[in-house]
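S.K.: The lines below spell out each chain.
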Amino acid sequence: MIEIDRIGFAIGKSEILNEVSAQLPRGKMTAIIGPNGAGKSTLLSLIARLISPASGTIRVDGHNVQQTASDTLARILAVLRQENVIASRLRVRELVGFGRFPHTRGQPDAQDGEKIQWALDLMALSPFADRFLDQLSGGQRQRALIAMILCQDTDYILLDEPLNNLDLFHSRKLMQVLQDMAHRLGKTPVLVIHDINYAAKYADNILAMKQGGIFANGPTQAIFEDDLLSALFDTPIRIHQIEGQPFAMHH
Amino acid sequence: MACRTTNAMPLIAAILLAVVLCILSIFTGVADINIAALFNDPQALWLLAVSRLPRTLAVVLTGGSLAICGLIMQMLARNKFVEPTTAGTGQGAALGIIVITIMAPQASLTIKMLAAIAAALCSTAIFLALIRKLPTDQPFLVPLVGLVFGGFVGAIATFIAYQLDLLQYQDVWMNGEFSGVMLGRYEMLWFAAALSLAAYFVADQFTIIGLGKDMALNLGLGYRQIMLLGMTIICVVTALSVVTVGMIPFVGLVVPNIASRMMGDNLRASLPWVAGLGAMMVLASDLIARLVRYPYEVPVSVVFGIFGSAFFLWLLFSRPAHAR
Ligand SMILES: Nc1ncnc2c1ncn2[C@@H]1O[C@H](COP(=O)(O)OP(=O)(O)O)[C@@H](O)[C@H]1O
Ligand SMILES: [Mg+2]
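Residue numbers (this note's numbering), protein chains in the order written: chain A, 360 to 610; chain B, 385 to 708.
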């Protein structure tokens, strides 16, 4: 479980998050949704201890992320930020392999090799495994980064807008993989997602954020409701049930 | 991290080339030494042991460690176009020696060395702090800031040296050459080489640092410790080489970039090649420096500087297009 307790965060004088509290259940996929600038990325970075809160605490699996050794946390949670500029010339296989670093500290064994291959296959990267990152398209590079995070094989997987640059096929594939990890392996994926229909289809739990606070938090079916979503995005949204799934119409 | 089967041919060719360059280096010089003389002429043997061999070793050690330092600095700065002698580290070391020479002229070489290292560390830390504020999508700003900053620190050193009539000393530190190398006067370079080779044991950590702070944190790396370790290696090696042979610019830039183009930036794989290539390129430059105006010598820094700056320009203009 991820327990967020009265988190405050500010940059200079401007308050970004104000007294945010929420609990994200273990073994479920949570989607964080909300308008631009709501504080979704900030909250994800705080959970992943990439930045420090001004006040409040966050626990992941009972570990206070501010006080737990970084290398211990690296075996519990993995995070991919929204923007990733990688200037190094690494081969895809090498990059994905670095996902094993928290476990191996640079001494990989045969099992790690299998994990790397598994992650490459999952993201359909085998044909490019020996290419350098700068010889890939934006979407392929994004998949390589996601493969590295999956290769880290942590219980908590935090991804900030992972569908950026991904085509329909790979978006769907990634969501299925993550859902499967949650339901079969008991992992806890937490994703910031813009396309709310992906959230509707795959997420078990929704955390809706607006203006630096929690707007709503609950099971997907409860959040996917006309008035709630319309108010969240300040846009008229109607939910239709299509083939037993909520589907949001917004244009 | 990946296990790749590599062809042995390049390795054999590289070793052969290295042996040839070393032999050429040892047997090049004003006094004629030939192999036969080594067996019956004690004077030739003495010259070899006291001057020729130390010089060749000094060149190899300096070239290898400067190349590694360039590579590490590029990882810390996350930028391919920086290296210690163009971004303030070397200039900082020179400034440190000048200041300590003025404040404590009687200070031992060890004290002077420490002053050079401390000043180099300060200078490098300031540079890395400066570039942190630059946008990551404009890689050319970083070397630009480095050149301006390095020029600034160097100018302070020159100004002080000028005021106090120390310019000829400063010239020795700023323009690297190996003609003064003798037995008993270059041994600190062994320490520099050992230190830079120690980087091999944290090669993965340096590669991860090159992926950025967030990625390093995500993988559980002690970001500050590795940054500090990298800076220490860079500064100690640079200061040691500035004091013993003087500054040789562009080695740390040219060599890692060639290696990066050829085999990428996974340090565990590329570091030994960077060291070897650095040693060989400086060895070749030193040979040219000794032969081009024979029997006089040109500073090796001038020779490498000419090739290096040309290569630097080519590098800036021929960056492979990135599909973003
Ligand atoms: N460096 C910064 N300085 C000032 N404000 C910032 C900075 N970075 C982000 N913000 C502000 O913080 C708020 C939350 O940002 P973010 O968490 O990235 O939003 P989201 O991911 O929900 O779109 C936004 O209003 C943004 O303008
Ligand atoms: Mg965001």
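These aren't lab readings, by the way, just hints derived from the structure by calculation.
A hint or two may mislead.
[What the hints assert, rightly or not] Not close to chain B: a few residues of chain A, all C-beta gaps over 12 Å, as computed: (1) Arg408; (2) Gly421; (3) Arg434; (4) Ala446; (5) Ser447; (6) Leu449; (7) Arg450; (8) Phe457; (9) His462; (10) Thr463; (11) Gln511; (12) Phe528; (13) Val536; (14) Pro595.
[To be verified] So the derived list for chain A, only partly shown, Cβ under 8 Å to chain B, looks like this: (15) Ala590; (16) Asp593; (17) Ile596; (18) Met608.
[Unchecked claim] As a list, the in silico EDC-like pairs of lysine to aspartate or glutamate whose alpha-carbon atoms are at most 16 Å apart: (19) Lys597(B) to Asp420(A); (20) Lys560(A) to Glu584(A); (21) Lys546(A) to Glu584(A); (22) Lys387(A) to Asp420(A); (23) Lys597(B) to Asp514(A); (24) Lys546(A) to Glu442(A).
Here a beta-carbon is modelled for each residue, glycine too, at the ideal position from N, C-alpha and C.
S.K.: Run every hint past the structure and note whether it holds.
M.R.: We went through each hint and held it up to the structure:
{"no.": "1", "hint": "Arg408", "result": "violated, 7 Å"}
{"no.": "2", "hint": "Gly421", "result": "holds, 18 Å"}
{"no.": "3", "hint": "Arg434", "result": "violated, 7 Å"}
{"no.": "4", "hint": "Ala446", "result": "violated, 5 Å"}
{"no.": "5", "hint": "Ser447", "result": "violated, 4 Å"}
{"no.": "6", "hint": "Leu449", "result": "violated, 6 Å"}
{"no.": "7", "hint": "Arg450", "result": "violated, 6 Å"}
{"no.": "8", "hint": "Phe457", "result": "violated, 6 Å"}
{"no.": "9", "hint": "His462", "result": "violated, 10 Å"}
{"no.": "10", "hint": "Thr463", "result": "violated, 8 Å"}
{"no.": "11", "hint": "Gln511", "result": "violated, 8 Å"}
{"no.": "12", "hint": "Phe528", "result": "holds, 19 Å"}
{"no.": "13", "hint": "Val536", "result": "holds, 19 Å"}
{"no.": "14", "hint": "Pro595", "result": "holds, 35 Å"}
{"no.": "15", "hint": "Ala590", "result": "violated, 33 Å"}
{"no.": "16", "hint": "Asp593", "result": "violated, 31 Å"}
{"no.": "17", "hint": "Ile596", "result": "violated, 33 Å"}
{"no.": "18", "hint": "Met608", "result": "violated, 33 Å"}
{"no.": "19", "hint": "Lys597(B) to Asp420(A)", "result": "violated, 24 Å"}
{"no.": "20", "hint": "Lys560(A) to Glu584(A)", "result": "holds, 14 Å"}
{"no.": "21", "hint": "Lys546(A) to Glu584(A)", "result": "violated, 27 Å"}
{"no.": "22", "hint": "Lys387(A) to Asp420(A)", "result": "holds, 14 Å"}
{"no.": "23", "hint": "Lys597(B) to Asp514(A)", "result": "violated, 22 Å"}
{"no.": "24", "hint": "Lys546(A) to Glu442(A)", "result": "violated, 24 Å"}
This entry does not satisfy hints 1, 3, 4, 5, 6, 7, 8, 9, 10, 11, 15, 16, 17, 18, 19, 21, 23, 24, going by the numbered hints stated previously.
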